[in-house]
Each structure stands twice: as structure tokens, then as C-alpha cells.
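K.L.:
The lines below spell out each chain.
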Amino acid sequence: MRPVILFLFLASLVGAQSPSAERFENEVRPLLAGNCYSCHSEKAGKKKGGLLLDSFEGIRKGGRSGPLYSAGKPDESLLWQVLTHEHEMRMPPKQKLGAGAIASVRLWIAEGAELPAQLAATGEAMHWAFQPRRPVVAEDGALATIDDLLDAAQERRNVEASPRADPGTLLRRVTWRLTGLPPTRDELAKFLADPDQTAFTSVVDRLLASPRYAEQMARHWLDLARYADSNGADENHCMSQAWRYRDWVVQAFAKDLSYDQFLMQQLAGDLLPEKDSAADTIDQHIATGFLVLGPKMLAEQDKEKLKYDLVDEQMDVLFRTALGFSTSCARCHDHKFDPVTQEDYYALAGVFASTKSLSHTNFVSQWMERDVGPRARVLELAAWRGAAAEAAKKEKHAMEAADLEARRLLASRFADYLLAAEKTRAAVLTLEAEHASNGNLIADRSMWGDARTVVARTGSSGLQFAEFRFERAGRFELELRAAAEESRPVRVLLDGREIAAAALGAVTGSWLPLGQRWSSLGEVELAAGEHVLRMERDGSFPHVDKLRLVPKIDERAAWPALTPEGLESVALRAAVDALEVAAEVKEAPLSLWVGWRAQPEAVLAEAHAASKNPLAVALAAPAPRDAMEFAGRLQTLGLAAMQRAEPAQFGFDAKRDAALGLVAGPEGLFWLQAGELESLWPETRRATVLAERLEVKAVQGRRPEALPVGMVVEALPRKPLPVLARGNHLTPDGEAQPLGAPAALSGLVPSGPFAAAEDGRLALARWMIDARHPLTARVMVNRVWLWLFGEGLVRTPSDFGSKGDRPELPELLDTLAERFVRCGWSVRQLVREIVLTEAWQRSALPTENAFATDPENATFAHMRPFRLAAEEVRDGLLLTSGVLDVKPFGRSLALESGVIVTNDQSGNLANYDSLRRSLWLPVVRNAMYEMFSIFDYVDANGPLDRRGQSVQPQQMLFFLNSAMVREAAAKLAEASLAAAATDSAREDFIALGILHRRPLDSERLTLAGLRARVRAEGRDEKAAWAAVAQVLFASNEWLHVD
Amino acid sequence: MWTDAVHHPLASRRDVLAAGALGFGSLALRGVLAAEAGRPLPIPARAKRVIFLFMHGGPSQVDTFDWKPRLQADDGKPFPGERPRVVFAKTEALMASPFKFAQHGQSGAWVSSLFPEVAKVVDHLCFIKSLHGTNPAHGGALLALHTGSDTFVRPSMGAWISYGLGTENKDLPGFVSICPTLGHGGVANWSNAFLPAEHQGIPLGHAAVKAKDVRFAFASGGDTPLQEAEMEALRVLNGSHRARNFHDPALAARMASMETAFRLQDAGAKVLDLSGESASTLASYGVDTAKTENFGRQCLMARRFAEAGVRFIQCTHSYKWDQHESLKGLHTSNAAEVDLPIAGLISDLAARDLLKDTLVLWAGEFGRTPTRQGGMGDAAGRDHNPHGFTVFMAGGGVKAGTSFGATDDWGWFATENKVHVHDLHATMLHLLGLEHEVLTFRHAGRDFRLTDVAGHVVKEILA
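The listed protein sequences correspond, in order, to chains V and D. Numbered according to the working numbering, the first sequence spans residues 6 to 1047. Numbered according to the working numbering, the second sequence spans residues 167 to 629.
Note that these hints are calculated values from the structure, not bench results. Any given hint might turn out to be false.
[Unchecked claim] Cut-off 25 Å, straight-line C-alpha distance, at most; resulting in silico cross-link-like pairs (BS3-like, lysine-lysine):
| id | chain 1 | residue 1 | chain 2 | residue 2 |
| --- | --- | --- | --- | --- |
| 1 | D | K286 | D | K522 |
| 2 | V | K312 | V | K724 |
| 3 | D | K494 | D | K436 |
| 4 | D | K436 | D | K243 |
| 5 | V | K310 | D | K286 |
| 6 | D | K243 | V | K660 |
| 7 | D | K256 | V | K660 |
| 8 | V | K310 | V | K361 |
| 9 | D | K457 | V | K312 |
| 10 | D | K494 | V | K591 |
| 11 | V | K66 | V | K53 |
| 12 | D | K494 | V | K660 |
| 13 | V | K52 | V | K66 |
| 14 | V | K308 | D | K256 |
| 15 | D | K266 | D | K457 |
So that you can see chain V by itself, here it is in the shape it has in the complex (with noise of 0.2 Å):
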């Protein structure tokens, strides 16, 4: 401590105030504002008298009546005299103001009637935080140090600092703090053996330089970005491309992006100039998924309001998170506190309105993702993708043909089949696979109803099984029918010998019933009696659906009147199947075939007098002789429809679509899959087809090189919006404003309305990151202390509006956000000066005078204790345990964008199942996991300024019971056992991991006592020395880090 000298240096700073001046700014302003603007100023549009008291220059001017004072001279000044009602002019007229506000002035004027020097010319941008920087400055032109300040402040309130923290607890801290992680055993031992500031210094540059500082800080930052891997909001769709901001995050922090570029490519990267390296370039663009980051309403079906709701989160994330106050409130009114009005809100939302940000807006909209890099790749990219899709066009299009012209000379032998069909099912042998006698399958009902039951089990392991009994005899082609959407082979047994090792093996695309293929397991011979057909798995089972026995060819002898000529085995199968599916669903296109055979004339007439089948009336009148002359109606009505089946006619046409359904609708007569229905096509068309494929290889062939898909805005044309009264787009107020900064910030770094020419998100950012501006630096450097401290020197880290708390040292803030802009806008520079303060060394207990002096620690006199974030909790047990795995960067989430990630019924799809930093597992908007939602990391869905450190049970029952903390320390007692031979070296080796010193000798007691407890339960050592382990990690010295 150097009192004396630190008062002399303070005697000697320049650029405060002058009294004067801050007793206008404190005392008087407020009055003139409450009392006088009413009458005299431009935002009342009065100017009575001619003066106006909102203007520097109204004030300096005076009014009609002459000059409103002479400086030192109160008695001889109008404005006291018209106060006190002293002259004929009375101010204000019908009540004056207090004796107290009087007194004020007139100290004003006694003092020299000074304004404050720079100010806005609005009289509006008055409150603190909208003033010019006033940094501490010394005579010889230095800024002044942190400790420099806090010292002052610690002298002016006679607060007594804490002494530096001893070296153990300090190089936890500064790990901790700078990144996220604790110090390992080797690196506490090397700095207890030499703990002075220098060797701090280079520990401190040490983990400055480490990949893990720019993990830390990026964590901090996300927060702040509402970065999240999903949604969230209603329809919860993952973000597939997300990541690639966060890894661009990490980077910033890695290369020390200079925080004003860090701010510029998040809100306008794509307009940056292109970059040499394509790689630069991309990342600028990938910044600005900052801006489309955020939860959308993607159901919400008034898509207007959608746009407005969207453009409001983009302003408000950006202005709370770089600027520190809302915008928010000045969508619906002017906003009561903050000088930001209803016309300057439109004046900004015009700048997002004219983004790009949604990719289109159809009944779920979807968020931008598009190609990503230098303008000629991209467009090069979408001239080609182009080509390659009129390439897939034409190349579908002659495949619908073909497919159309199969379908056509299928129809034409509609009966042909349909009576073959018949007779062929009687013949076979089917098997429901849901009446398996014997099994552990779970049956589902539930997707299309009883005919389309499958079996299936998931998500289980352990041995599957189904068994059918039946009997039959002769050989037959055995056939299962399942759905998978990924390969689950089965183990088929036929009177328990393996017939197949891998049956059903084929992915078929979906588990849906829709997804359900025949597949054949080849010939069976089968002896008179009774057999048994087994499947099994160890594990998920494919979704089964049936089972069927075809006699083989040469057995058909046997058969009654066999096919007809030149009929399609493909083609008969799959009506085999109508007919079965027609059998038990009463809507199946031929359920009303199938009914009349049971029951000709009371189906038809059934059908007809309750018209549900559109077909029955122009089946049933006049009433069919026989099956031909019914199945050749079909036959007819199906042809016709699909003469007028062209795709052009939309419109509904029941009958028409009945008849269609007939032939060519899922569980029609010719269900076939597109790979069935090629080896039908005539030879024409198939040869258009591979004419048409060729071409679309070679313009795969062409393809150039691939750029990444990133979530980033695009610029549209400038969109100026009118004001919204009440903030309702249905109801637009007036003209259009021009796009621009808030008139009360423009004063101090003139932006005007936005040029033209520029886009506004460039002239924007330009305008925020103005050396000038008032905000953006005292902002960062407000959370960098935040972040270091715990606390920031404004407490409201993200409103510094009038609401907002009010810096106790504003000295103290103003001097390091100038240091921060002279010096490059660096933040490693900026942690580092913080970080080699002694404020920042210093004991996190308060000396007793401390406590009493200053007991909110406003003079930073001590450290503040923290507890651990949830990522630190979890990534310090993996790294404590020598299990963590540091690989970074890449995606986290294995989605594609769109997929829901949770829903209604089947939970979460998210794996959180990994050893990598907790920085790399997805952030799951609206299901946080578990383990981050207790330690308060619940919500990604909005900026987060500072973690919550609540105290809460389920946090004691995750040490307790869970499976990590569990192996934690598990692993832990592992290695303590492989590197000690001692208890107490062992004690030693789990609490430096743990606590990073050795336990005291009544801890020992204690721990001893434990480790017999657990013998006493009759667990081995391990288990021992695990509830040791355990018990440390969930101890209050190492969840609260002093």
C-alpha cells in the first residue's frame, strides 16, 4: 500500500469532470428534463419563448428574453431569478419547484455554469454510460494501472486488502478461470517449488496460449450467443450447422481476433471484402450465424409476425450482448428509460428486415443454411447444382414415364391378375408375425392398425426371439416381410437347425409399415407333421411383419388351374399381398373385392347405400354375373383413371382416386417399389432412362470442389419499415424510416441515417465498433471482469441502461476500456493485464476491516469464491480421472438439420455419452442434459450474461448417486492404488488431484474412518479408496474455488 504517493497521483489526474459539469449532469439536467422540456425542448416541439433547454445550445443561448446566466454571477441570472419567481417571468408558471432544486442551480452557476465537454448535441444521451470515455490518465499520458485505481478506492473508503493468495490456491484459480480446467499434479508442484510473480507470469502465459483458454472464454461468449445445437422454441429441429460457429468462436479466441473485427463478422462477415485464403473467407461468413442462432417460432403460421418476432430476437441478442441495453421495449412504445424511441426500434429493424435469415417461410419455415465461401465458388456451386438437379429431373421424369407404361400394361391384365392372385393365395401358407406361439417380441399396433401389426423389440439387448408353429409339407420358398432402418440381421432356425445366419439383414429405409420389403430366405423342405420356424437376435429386433411359404414351382402340379400366361411373378406377388392386406383392412382398395366374393350382392349394396367406396355405385348396377365380369370392371375403371391420372390435375375426384388406388395406390392391386416396377418397363423407355442416368453421372462427374454448408444470413435489398403502433405488423404507422443508429448514441459517433449505398448491417457494426463509441468497450471489458472476478464493476453486465446498476469505480471502467481499444481491442492482453494484478492475487478472505468497510467487496479488496460451472464440474472429473479426451472442434449433434431432436414420445436424441470437453456436447434447447441443467446450466434461449451458482439438493444427489461421479473416483482410487504403496501417500495422491493439497492430519482421521467403514460393508480396497475419492469431489472445497 503507498497511500501518500497514490493521493498525489490522483491530485494529478486529468479529464474528469468539473464539478460544475457533474453537478449540471447530477443535479440539474434531471430538473430541467422533468420540469422544462415540456414547454422548451425539440423533442416536445415547443420552444416557448424561443428557448430550448434540451440542446447545449439552447442552453448556451438562452431564449427571447436574452442569455440564461452569467457564470459565477447567480443573483444576476434569469434562469435563478425565474426559478425563485423573483422576476415578473415565472418558471416554471404554476408551481415552483423545491428549495432544494433551486439551491441547486444556483450552485450551478455559482461554480462556472459548465456543461460537460463533448456531449451529445440531443441533451438526451446524458445518462453515464452514453458519455465519452473518461479514463484516469497521468501527467507523463499513461493510462493509469488497475491496481493503481483500486487502491485509490480502497484508500477513499479505507478498506484493507486481503494479502495474496497462497501459491496452492492461486494456480487453481488462474487454471480454473482461464480454463475451465483444474492444474494436474506436476504442474502444482513445479509452481509450490518457485510461486513468485514471475513465475505466475509465465504460468499465466502458459495458459494463455493453451487450445483450453480459447475454449474457456468461447463457453463464456456462447452463453452470451444463445449458442444451442437445436431450436428449441415449438418444433425443437436440430441446428445441424451450429457448430461450425462455435468452432469459428474457439478460433477467435485462439488467433485473439480483435474483439472489434470479432463483433463486425458476426454482424456483417458476408459483406466483408473476400479474404486471399477461401478458408478466411468462409469463416467470415460462418460469424454471422450469430445472428440466426436464435429459437424461432418455425410453426407459427402468421409468418409476418414471424419475421417481426425474428428481427426483434436478432436486435435484442445483439444489443443487450454487445452494447449492454434492450431495444425490446421500443417494438410496442418509445422505451421508458432508455433513450431509444419507437422510430429509432423501425429505424434498426429495417437493418434485419433487409437479412436474410430464414430460408423459407412454408408451413414449418426453416432457418438459412446454404453454401458457404468466395462468391465465385458459390456461385459455380449453384450453377452446377442446377444442372445436376434439371439432370435429376429429366432422369425422374423418364423414369415416371417408363413407370407409367409399366403401370398401363399391368392394368390392361387387371382381372388376369387379380383371379391369379386369388387362386395363388389359397395356395400359400401365411403367417402373422404377432401370433408367434412362443417369443419375447412386443407387438405394435399402433401404425396402420391390426394388418399392418409388426413385431419388433428396441432398445434392448439380451436374446430376441419369436417361434411359429405350423404344419405343411413339400418345398417352399420361405419368405419374411420387416421394415429397418438400420441393419438388424436375425438368426432364422427351421426345427432348430440354422437355415439363415443373417436374415433380414437390409436396410429398407424406414421403420415404418411403408418401409416394408419381402425378402426371401430361399428353399425349405419341409416333412408331414408339425414344425417350428425360429428367429433371434442379441439385441434390437427389424420390425417383422409376416411370414409366408410359397410352394415351389414344380410343386404346382399340384396346384388348381394355375396362372394364366405371361404374368409377372413380381407383379402377382405383390397382388397376392393386396389381397391379404384387403382381407383385414376394411379401406383397402380391394376390400370391396374380397367382400363381394364372401357376400356378393348384400357388399355391394351395402357399399352402395352408405357411398363410403366411390367404386361401389359403378360397380354395383347393374349387379356382375361372376367374378371375370366383376374383376373386368375394375379393370375398366382403373385404365380410365389413369388416363386422366396426369400429374397437372389436381382437383378431388373421389372416384377417380378410388380407381387409381386400385391399380397404382399403396396396397393397390400393383404395390410395387420402384426397383420392381424397373424390371417391368418396356424396352424403349428403359433405354431413354439410361440415356438420361448417363447424362446425370457425368454432370456428377463435373462437380466442383465442395464448400460447407453454413447457418449464416444473406443480404437482401434494403427494406426500410414503418413504425408498428403497439407493435402490430397488421397495423403500420406512418412513413417508412430510414435505416440508422438510435438518435441518442448518434451524437457521439455520427452515423446519420445509413448511406445508401452500404448495406445496413455494415454501416451498423461500423458504427458500434467506433473507437468512439460509448458502449461497446466499456460492454467487453465489463464481462471480461465479470468473467475473471465473478462480478463486474457495472453488475448488470448486459444493461447499462438506466435501470442498470451504476459502476461504483466508473474510473476504473473507463480506464480499461480505453487501454482496450488503444491496445488493438486484444482480450488476451486484456485477461493477462487483469489476471498479473495483485487485486486479482489476492486471498479470497476478507481482512475483518474489509468486512466491515466495504461489505459488498465493491473495491475488489478480496477475491470472490466461485463455484464451478456445469461444464467444469463435469470436465474436472474427467480430467481429475485421466479420462478426458481434449480433441476439439467438429459437430456435436449427428442430425441432419430438420430432424427433431426431442418430441412427444420418444425423448431425446442427443448422446451425451462422450469424454470429450463438455464444450463439445450439444447444447439441447428446451432438454438441457440433465447434469448442466442442476448446475444451472438450464436455458440456451436467450443471452446469458453470468451463470446462476444456486445451491441446490439434486446437486448433492449427483455426487451421491450418479454413474459419473461414480467412476470418477473409481478411476481414481485405480490409479492411487498403482502409484502409492502407503495410505498416507495415497491420501496425498487423490487430494492433490482433487483439492490440490495434501490432507490435513484430521482429514486423514476422517478419511481412515471412511476407508473401515466400507471395509467394515466387506468391500474390497478399491472400494475403499473410491468413497475417498468420491467424498473429496463432492466436498464444498471442491465445487467452491476460492
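Model the placement of chain D on the given structure of chain V, informed by the hints.
P.N.:
Below, chain D without anything else, positioned relative to chain V:
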């Protein structure tokens, strides 16, 4: 973001103790100590707790409780009025309800054939047939119903109630949600948002977990004898650490929270264990029948949580009610899963004299259009309709055996005595002794409420 006082250690020891040492639920509005000292509430509370039976998907009002003879008569005719500006999807002509309606009880309430058991307890119920919101999509409507906002993340009503009333049981959370949905807002529907963390809804499982398998997170899995030994060692270690570090009040709070955690394991397990319930009770909730077992169990747990002093208990019948098609069959099967459990819960609460101070709310996120969607006949369904739908309440100070408000002749728009979702919230808070305009929380520079800047207490339904 977090305004609970743990950030300002020296200044806020009392608050820390309230949050931590007492376990769940410190009291914002009145303070634990004041409430325990029996300080009178500003307005008389009729209810002490809420059980919310949430029918996710949107049950149709015109097929359940809102009987519309005109709709039956106009089957197949076009809807004569103006349709909403924003609709979820296109719908066709008017469609009569396929269910039979009849009047029940002394009150003569109309109930369709879907709810034969609920029909037996209608004299306990107070129907609101004019509820309305704005958002016709599930996500927005769920969030609006649960949090009052379909635009921003706001605290759930359960969190507000826990914040306003604190807890009656220090060993259990103030707000639990049994088998909640993870879709359509997920956690945001039971989150504390900016309210202190202890008011967060504690989920028990989720929609994909069977009610019989739910548990409190991490409340089991430990090894009991070992755990006792570990707790003992922790007490000693933390005690001596605390003595060396008097400056950090969070340490004392955490020591106390360890004890709470230990009690929660026990208290939570006891509530979830239904083995002490009689066979007849289990049967009255349908726990003994496959169809009703899952929701019956939820309802029975809700009663047990209510008895244990939890303030807000939500049971979710997840995402079953969204019948864009096949409404007849699927509404029938949905209702069959919940009908007996709901009636069982209400009868049981009444029999145990719990209904007088327990407010039961039955609601979906919206109703359905009187017009047809999807196929014809059995395949027909209805679209979403936030403009007029029916909910019912029971107990907790509402007028039993009554019905309030009405929709138009076809049941699309609320027309008479309209009740907005904000009004429903204001009324619920009022019944709990909380004025919705007074129950505020300062966040980001302004005071927030569950009802934003709207909401009126529906005085007419107060008993």
C-alpha cells in the same frame, strides 16, 4: 441473469439460507419465515395447490363438453361465419360430432359419451366454455398456456406459483411435472426462466417414460450403507473447511442442502411408492387396468404429491389428442385412457377433503375446429382451434356444478363471457391468494408477470 442472492455473498446470507438450507423453494413474495409465522395473505387463498391435467394435442370441445345442436343440424354445410385470419391448415365443411351428448348430475352438465366416468363427477366441475388464445400451432399454444407467452421464454405458471407461495414441504420441490412432453417447447413449459432456480419444475420422467418408471434425477443409484459413511465423512470435512472459510456463505447453504438431498431421496421415493394404496383406491384410478394404468398412476401420484405439500403438480397425457383425422376412433381411445383416472382423482380428493383447497385444472393447449379435415366418415378429423375451447376446473374455490362462457352456435369462436388464457392464469393465481398484478419479478430492468400486461380475474366462477 440470476438475481438470487448467491452472487453477493456477504450481503445476502439470509437469502442463501432460504434457498439452500431450507432446500426447495425460498419465498420471494412473503419469505419463508413470514409464511411460517402465519402472516395473513393479502387476499384470502381458496386453494393451496394446483393439479393440472394436461391433454396434449388439443381435445375437441365440440366432441366432449361443448354441446352444439346447431352443429349436428348443419353437418356437411359450409361454415357461415368468417374464418380466422390465421389458420393452421385448411378445413372443409362443418362436421357433426360423432358422439352422443347427454346431461348429467344435478347441474345437468352436457357431457359426450367419451367421458362416462367424468360425467359421474360433473357436479364437482366448473366448465369454462369460452377459453381462447391466439396461436394455432402446438408449440406456441403450449408455451402460451404454460407460461403466458408464445414469443419469449418466460417462467412457467408452476414456477410462478412456487415463487409466490413457497413450499409446504422442505424435502420436496414446489413444482413437479409427471411425464411431461419434450416436444412443443419441452423444458420451456416447466422452466423457471429468470425466476430463482429452486422454482424450476422438476420433471419426473418424460412422455416416453412409463409412469411406473419415473424417479427424481439422481435420487437413487447410490449404495445406501456406503452413502451413509460418505455423508458422515463429508459432514466432518465440510465442517472443518467451513470453519477455515467463514467468508463464503454458500458453504453453509451447501452443507444444509446435503441434508435436504438425503431427505429428498427418502421423501421422493415415498411419494412415488404406491404399494401402500388399497386395491380399491388403485382400482378407482384405473391403475389395475392396462388401458388406464399409466395415466391413473400419474393421477394417483398427483394426489400423493398434493398430500405431501407440493404446490403445483402437472400430469401430462402426451400428444395424443391431435386428431386431424380419424377423430372418432382416436378420441374414443384417448378418452378411455384418462376418463376413469380423472374421475378417480376428483372423487378421491373429495373423499379425503383435499378438493376444498386443491384446484384441479383439465385443459388442452387448444380445441378443434367444428369443420372437417382429413377423410370422410371414420377417417374424418378436425384442425386446431385456439379461438374457443373448453376447459374445466374443480375444487380450490371455484363454483362447483357450473358452466361459464359460450362459443358460437357451431363452437368455433368464444363469443359470450370470453376468457383469455391470461384470464385463466389471473384467476388461478387469485384462487391461490396471489394477485396477478402484484406477483412480479424484476428482470432485465423491468417487472415481469405471468399475465404480462393483460389478464382479468374471472370473478363469476369464484365460489
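K.L.:
If a hint holds in the structure, say so; if it doesn't, say that too.
P.N.:
Here's how the hints hold up against the structure:
Annotation: proposed proximity of K286(D) to K522(D) holds, straight-line Cα distance about 18 Å (limit 25 Å). This hinted pair checks out: K312(V) and K724(V) have alpha carbons roughly 13 Å apart, not beyond 25 Å. Proximity of K494(D) to K436(D) is assessed by CA-CA distance (about 40 Å); at most 25 Å being required, the pair is judged violated. For the hint pairing K436(D) with K243(D), the CA-to-CA distance comes to about 56 Å; that exceeds 25 Å, so the pair is violated.
Distance restraint check for K310(V) and K286(D): the Cα-Cα separation of roughly 44 Å exceeds the 25 Å cut-off, and the hinted pair is therefore not satisfied. As the CA atoms of K243(D) and K660(V) are separated by approximately 21 Å, the hinted pair is consistent with the 25 Å bound. Taken as a hint, the K256(D) and K660(V) pair is honoured in the structure, with Cα atoms around 22 Å apart against an allowance of 25 Å. At roughly 15 Å between alpha-carbon atoms, K310(V) and K361(V) fall within 25 Å of each other, so this suggested pair holds.
Of the supplied pair hints, the one linking K457(D) and K312(V) is violated, its CA atoms being roughly 44 Å apart against a limit of 25 Å. Only pairs whose Cα atoms come within 25 Å are accepted, and K494(D) paired with K591(V) is accepted, the gap being roughly 16 Å. Using a Cα cut-off of 25 Å, the hinted pair K66(V) and K53(V) holds, with the two alpha carbons roughly 14 Å apart. For the given pair, K494(D) sits about 24 Å from K660(V) by alpha-carbon distance, which is consistent with the 25 Å threshold.
Among the hinted pairs, K52(V) with K66(V) is consistent with the structure: their alpha-carbon atoms are about 13 Å apart, no more than 25 Å. Annotation: proposed proximity of K308(V) to K256(D) holds, straight-line Cα distance about 16 Å (limit 25 Å). For the suggested pair K266(D) and K457(D), the alpha carbons sit about 22 Å apart, so the restraint of at most 25 Å is met.
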